[in-house]
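S.K.: Now for the letters of each chain:
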Amino acid sequence: DAKTTQPNSMESNEEEPVHLPCNHSTISGTDYIHWYRQLPSQGPEYVIHGLTSNVNNRMASLAIAEDRKSSTLILHRATLRDAAVYYCILVTQGGSEKLVFGKGTKLTVNP
Amino acid sequence: SQTIHQWPATLVQPVGSPLSLECTVEGTSNPNLYWYRQAAGRGLQLLFYSVGIGQISSEVPQNLSASRPQDRQFILSSKKLLLSDSGFYLCAWSDLYTGANYNEQFFGPGTRLTVL
Numbered sequence: 040d041a042k043t044t045q046p047n048s049m050e051s052n053e054e055e056p057v058h059l060p061c062n063h064s065t066i067s068g069t070d071y072i073h074w075y076r077q078l079p080s081q082g083p084e085y086v087i088h089g090l091t092s093n094v095n096n097r098m099a100s101l102a103i104a105e106d107r108k109s110s111t112l113i114l115h116r117a118t119l120r121d122a123a124v125y126y127c128i129l130v131t132q133g134g135s136e137k138l139v140f141g142k143g144t145k146l147t148v149n150p
Numbered sequence: 771s772q773t774i775h776q777w778p779a780t781l782v783q784p785v786g787s788p789l790s791l792e793c794t795v796e797g798t799s800n801p802n803l804y805w806y807r808q809a810a811g812r813g814l815q816l817l818f819y820s821v822g823i824g825q826i827s828s829e830v831p832q833n834l835s836a837s838r839p840q841d842r843q844f845i846l847s848s849k850k851l852l853l854s855d856s857g858f859y860l861c862a863w864s865d866l867y868t869g870a871n872y873n874e875q876f877f878g879p880g881t882r883l884t885v886l
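These protein sequences, in sequence, are chains G and Z.
The numbering used here numbers the first residue of the first sequence as 40 and each following residue consecutively.
The numbering used here numbers the first residue of the second sequence as 771 and each following residue consecutively.
Just chain G, with the same shape it has in the complex:
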């Protein structure tokens, strides 16, 4: 599974947008970019995923660079409930269905 690189931590203020970056320079053409988040003392939950085009859902937006070597998870208005560890994971289509979690980015949201 291809590797991803994320900052260890980020901080944001409530009701402001948050841009969480992820680098995946060795991504292959069949790798999907998935984002999960883990709230304290809970299991991870799926946030969003994409392949080439930018994606939006009720939780967040995913902006994928044209060369696909990086992506950004966008929380449009951070709330205190968004404080969590965010994981960027590459999943190969047609390959193993395992999720390989890195250390992720710990997001702190200040009131």
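Treat the hints as calculated values from the structure; they're not laboratory data.
Some hints could be false.
Far from chain Z, by Cβ distances over 10 Å, these chain G residues were calculated [to be verified]:
(1) GLU54
(2) GLU55
(3) SER92
(4) LYS108
(5) ARG116
(6) ARG120
(7) GLY141
Within a straight-line C-alpha distance of at most 20 Å, the following computed DMTMM-like cross-link-like pairs (lysine to aspartate or glutamate) qualify [to be verified]:
(8) G:LYS108 <-> Z:GLU829
(9) G:LYS142 <-> G:ASP121
(10) Z:LYS849 <-> Z:GLU792
(11) G:LYS137 <-> Z:ASP841
(12) G:LYS137 <-> G:ASP70
(13) G:LYS137 <-> Z:GLU829
(14) G:LYS42 <-> G:ASP70
(15) G:LYS142 <-> G:GLU84
(16) G:LYS42 <-> Z:GLU829
(17) G:LYS137 <-> Z:GLU874
(18) G:LYS142 <-> G:GLU50
(19) G:LYS142 <-> Z:GLU829
(20) G:LYS42 <-> G:ASP106
(21) G:LYS42 <-> Z:GLU874
Cβ atoms here follow ideal geometry from the backbone N, Cα and C, with glycine treated the same way.
Using the hints provided, position chain Z relative to the given structure of chain G.
M.R.: Leaving out everything else, chain Z in the frame of chain G:
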């Protein structure tokens, strides 16, 4: 709708004692099932995954084992616990063919295990 259950929620066990953690999924058939462990302050580590009854793949050699006696039941076991087995154990399931949510995994509430 689908739900995933894990029990117990918390467990304190002495070193050398056996372990059995259970995970069940409702509302789906033939799911892929996974066991993860998260040691304190660390990321999630995949331990086992299963694509069907009796089919178990091990990711990390250790004193743990997994079994899938029924389609929607996944059990994590150990004959003798070590101090290093302490952690947060998470069960997850996925359905490969869910269209837009390709390979989305759904996690249970977890079991917090402390080995003393």
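S.K.: Does each hint fit the structure? Answer for all of them.
M.R.: Cross-check of the supplied hints:
1. Look at G:GLU54: its CB is around 28 Å from the nearest CB on chain Z, clear of 10 Å, so calling it non-interface holds up.
2. Chain Z leaves G:GLU55 outside its interface by the beta-carbon criterion, the shortest separation being 27 Å against a cut-off of 10 Å.
3. Taking the minimum C-beta to C-beta distance to chain Z, about 13 Å, the non-interface status of G:SER92 holds against the 10 Å cut.
4. The beta carbon of G:LYS108 sits about 21 Å from the closest Cβ of chain Z, which is more than 10 Å, so the claim that it is off the interface holds.
5. With a least CB separation of 24 Å from chain Z, G:ARG116 remains clear of the 10 Å interface cut-off, as annotated.
6. The claim that G:ARG120 lies off the interface holds: its Cβ sits roughly 17 Å from the closest Cβ of chain Z, which is beyond the 10 Å cut-off.
7. A Cβ of chain Z approaches the Cβ of G:GLY141 within 10 Å, the least distance being about 6 Å, so the stated non-interface status is violated.
8. Distance check on the hinted pair: G:LYS108 and Z:GLU829 sit about 27 Å apart at the alpha-carbon level, beyond 20 Å; violated.
9. Distance restraint check for G:LYS142 and G:ASP121: the Cα-Cα separation of roughly 17 Å lies within the 20 Å cut-off, and the hinted pair is therefore satisfied.
10. Taking the CA atoms of Z:LYS849 and Z:GLU792, the gap is near 15 Å; set against the 20 Å cutoff, the hint holds.
11. Using a Cα cut-off of 20 Å, the hinted pair G:LYS137 and Z:ASP841 holds, with the two alpha carbons roughly 19 Å apart.
12. Distance restraint check for G:LYS137 and G:ASP70: the Cα-Cα separation of roughly 13 Å lies within the 20 Å cut-off, and the hinted pair is therefore satisfied.
13. Annotation: proposed proximity of G:LYS137 to Z:GLU829 holds, straight-line Cα distance about 10 Å (limit 20 Å).
14. Taken as a hint, the G:LYS42 and G:ASP70 pair is honoured in the structure, with Cα atoms around 11 Å apart against an allowance of 20 Å.
15. For the proposed pair G:LYS142 and G:GLU84, the alpha carbon gap of about 15 Å is at most 20 Å, so the pair holds.
16. Annotation: proposed proximity of G:LYS42 to Z:GLU829 holds, straight-line Cα distance about 17 Å (limit 20 Å).
17. At most 20 Å may separate the alpha-carbon atoms for a hinted pair to count; G:LYS137 and Z:GLU874 meet this at roughly 10 Å.
18. The straight-line distance between the Cα atoms of G:LYS142 and G:GLU50 is roughly 16 Å, inside the 20 Å bound, and the hint therefore holds.
19. For a cut-off of 20 Å, the pair hint linking G:LYS142 to Z:GLU829 stands: about 18 Å separates their Cα positions.
20. Restraint check: the Cα-Cα separation between G:LYS42 and G:ASP106 comes to about 16 Å, which is no more than 20 Å; the hinted pair holds.
21. A distance of roughly 19 Å separates the Cα atoms of G:LYS42 and Z:GLU874; the hinted pair therefore holds under the 20 Å criterion.
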